[in-house]
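A.B. asks: Chain order of the listed sequences is A and B.
For the first sequence, our numbering assigns the number 135 to the last residue and increments by one with no breaks.
For the second sequence, our numbering assigns the number 188 to the last residue and increments by one with no breaks.
Hints are all accurate, no fakes.
Calculated pairs, DSS-like style, for lysine-lysine (alpha carbon to alpha carbon, straight line, at most 25 Å):
1) A:LYS76 / A:LYS132
2) A:LYS132 / A:LYS78
3) B:LYS32 / B:LYS162
4) B:LYS188 / B:LYS101
5) A:LYS132 / B:LYS51
6) B:LYS162 / A:LYS76
7) B:LYS32 / A:LYS60
8) A:LYS78 / B:LYS162
9) B:LYS61 / B:LYS51
10) B:LYS32 / A:LYS56
11) B:LYS61 / B:LYS32
12) B:LYS162 / A:LYS56
13) A:LYS60 / B:LYS61
14) B:LYS60 / B:LYS32
15) B:LYS32 / A:LYS76
Hints in this document: simulated from the structure, not taken from any laboratory.
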Amino acid sequence: MRFIFIGIYFGFILMKTEVVSWFRIQEMFLFNHIFMYGIFALAILTGVISIFLIRKFNIKDIDGNPIEIGEKDNSKTKRYILGGLIFGLGWGLAGTCPGPIYALIGGGYMIILVPLLSAFLGAAVYGMVQNKLPH
Amino acid sequence: MLYELLARPIPWYVAGPLLGLMVPILFIVGNKAFGISSSYRHVCAAVIPSKLPFFNYDWKKTGGWNLQLALGIIIGGAVALYFTPDNYQIAITASTTDALKTYGITNFDGFMPVEVFNWDNILTLPGMIIMVLGGFLIGFGTRYGSGCTAGHGITGMANFQKASLIATISFFLGGMISAQFLIPLILK
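So that you can see chain A by itself, here it is in the shape it has in the complex (with noise of 0.2 Å):
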């Protein structure tokens, strides 16, 4: 149930913040402002002091828990580079990534939904032809 409350606040600043337009993606793509690069670079640093602060001061979760900061897959690199890729195209052809289209459900634009349902059938046509990429 605390996962709803927190996505409620991230779908609203998405909106607000106005990085789910299509128009702000373009205008990114294009490199007329630097409106978007400011968000990233600002959003990658608030990310490098939290884990800097939650690994200094060895703080837990609510629970009580050691926070498991976790590690990527470091070893593989061709799936990073292809499925960067085709991602990538997928962004600047549709304007949107996984976590605006879900935004821009409730933002009242229904017509999302064919790419999210296109976006979900990917993610099926991968899981049936994973074996025979490479990673």
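Using the hints, position chain B against chain A.
C.D. replies: Only chain B this time, still in chain A's reference frame:
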């Protein structure tokens, strides 16, 4: 008064930290690494009866939290809609507007161009490529690359992960190819 305040767009230098706060909020409240695209996999696992290993796991246990997050994002979008004035226009730069005009876009109302994103357009070639193929590549690519702008672009980058740096650079390369070459080609 409160409505007026919330109706305004949030400037980018406030937006960045507010979005970045998702990282500590999820770590502290749920001991989870911030990400959202794995929800696609969990939805597939929930609806596709399959023996495929990619979808054969306890999706409720592993992905329940991420699906809750997704549901919350939808609700949050609806709350934001309530605080979005009628005839809302995003203040994109004139150079962007000019570029998009050359592609034939004339309506800059709201968050998305209605001339591109509308139900009548789904079966046209531009509509197919932008909405259907675009969405497909998002779903396929985020599972192949194991994350999106949230999981790699923010969380992984903030944790100095090599995988996330490679993925994020690739996201931007792909996006640039689409926005600079494919979109003009498709819409013109």
